[in-house]
Amino acid sequence: GLRHYGPMAQEFYNAFGKDAHGTIGNDTTINQANMEGVMMIMIKALEERTAKQAGEIAILKTRNEELAALIQANKKMQEEWAVLMQELKKNDTGKPGIKNNPVKEDDIMAAK
Numbered sequence: 001g002l003r004h005y006g007p008m009a010q011e012f013y014n015a016f017g018k019d020a021h022g023t024i025g026n027d028t029t030i031n032q033a034n035m036e037g038v039m040m041i042m043i044k045a046l047e048e049r050t051a052k053q054a055g056e057i058a059i060l061k062t063r064n065e066e067l068a069a070l071i072q073a074n075k076k077m078q079e080e081w082a083v084l085m086q087e088l089k090k091n092d093t094g095k096p097g098i099k100n101n102p103v104k105e106d107d108i109m110a111a112k
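Using the working numbering, the first residue of the sequence shown is number 1, and each one after it goes up by one.
Think of the hints as simulated: they come from the structure by calculation, not from any bench.
Honestly, I wouldn't trust all of these hints.
The calculated PhoX-like cross-link candidates involving lysine-lysine, where the alpha carbons are at most 25 Å apart (straight line), are [claimed, not checked]:
| # | residue 1 | residue 2 |
| --- | --- | --- |
| 1 | 90 | 75 |
| 2 | 18 | 44 |
| 3 | 76 | 89 |
| 4 | 75 | 61 |
| 5 | 75 | 89 |
| 6 | 90 | 76 |
| 7 | 76 | 61 |
Now the in silico label distances, taken between C-beta atoms and shown as ranges [what the hints assert, rightly or not]:
| # | residue 1 | residue 2 | range |
| --- | --- | --- | --- |
| 8 | 36 | 72 | 47 to 55 Å |
| 9 | 28 | 56 | 36 to 44 Å |
| 10 | 56 | 1 | 43 to 51 Å |
| 11 | 48 | 79 | 42 to 50 Å |
| 12 | 84 | 45 | 54 to 62 Å |
| 13 | 48 | 14 | 19 to 27 Å |
| 14 | 19 | 51 | 22 to 30 Å |
Cβ coordinates follow ideal geometry from the N, Cα and C atoms, glycine included.
Make the full structure from the sequences, and use the hints.
Below is the structure:
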């Protein structure tokens, strides 16, 4: 035969039958009007949650784009830094305050 799946009256009553306004229904039957009312409330709540999440997603996408731009700028700065460090190493004699000026040994001998 056909099998029907649906909510149990006890579960429905425990979830929705008692609230701050009182008690409605019982734990052995489910009133169709109550079921429809609960479903409409759930649909409304899901729509509100979906709209809120859509807003949060838009904010996160914008922030993600900002972070991607910062990462790209950081990579460019790292590349520029590496070039500058290479240039510094080429010009550094290792002695504080003295820069490497390519001087030929012949120039030193001529100065004596």
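(Q) Which constraints among the numbered hints does this structure fail? Numbers only, ascending. (A) The structure breaks none of the hints.
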